[in-house]
Amino acid sequence: QQPVQSPQAVILREGEDAVINCSSSKALYSVHWYRQKHGEAPVFLMILLKGGEQKGHDKISASFNEKKQQSSLYLTASQLSYSGTYFCGTERTDSWGKFQFGAGTQVVVTP
Amino acid sequence: DVKVTQSSRYLVKRTGEKVFLECVQDMDHENMFWYRQDPGLGLRLIYFSYDVKMKEKGDIPEGYSVSREKKERFSLILESASTNQTSMYLCASTPSGGLGSPLHFGNGTRLTVT
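Protein sequences, first through last, are from chains A and B.
Under this note's numbering, the first residue of the first sequence is numbered 1, with each subsequent residue one higher.
Under this note's numbering, the first residue of the second sequence is numbered 1001, with each subsequent residue one higher.
For the record, the hints were derived by calculation from the structure and aren't laboratory data.
Be aware that a few hints might be false.
As the list claims (entries may be wrong) - With the Cβ distance kept under 7 Å, some of the chain B side facing chain A (calculated, not the full set):
1) TYR1010
2) LEU1041
3) LEU1045
4) VAL1052
5) PRO1102
6) PHE1105
Glycine included, C-beta positions come from ideal geometry on N, C-alpha and C.
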């Protein structure tokens, strides 16, 4: 079962913030976040492992709530370059090595 | 830099044809994956492999098979292509263990079955 992402889409003005959520019904080893621009391959942003750590990549950060099996990606002070589709990928503890992705969140940042 | 190369960017095939999609990675990664990407459905896992000649079914293996005869190459096979297999296909690889290691994706193959 794929992880569930929300929202499906978000439109931002430059400088605004947004949060993208990813949840799993099963326990997770790790959560990955990727961004894909139109016509290109998904590009890795960050990985969060069991332990509830928070990571950052420029002004994009993420957290992982191990108890709830939820991860959130935070886009802070968004830039035009943040536009794209964001995917969370998960590896469950009951299916090692099997990376599953959510349906994606389309982010459009306007001037 | 890790390079994952998919042999074709665009492919057009007829219904019933046998189709081979090839993927090669140059970083000696143990794990390789095939996904299909459709609007609104994200990336869905078809098959993955954690070693030569080893394979595991993903979430949507029906109508597909795979082959991994060499570590660097992972092939996706459509035994008898159907129109509902028209999609973007993405290959990815990652080192053994996976935990803490990102997936590296190829540029994708857009397959159209007519």
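These are the hints, each one checked on the structure:
no., hint, result
1, TYR1010, "violated, 12 Å"
2, LEU1041, "holds, 6 Å"
3, LEU1045, "holds, 6 Å"
4, VAL1052, "violated, 15 Å"
5, PRO1102, "holds, 4 Å"
6, PHE1105, "holds, 4 Å"
When the structure is compared with the earlier hints, violations turn up for hints 1, 4 and for no others.
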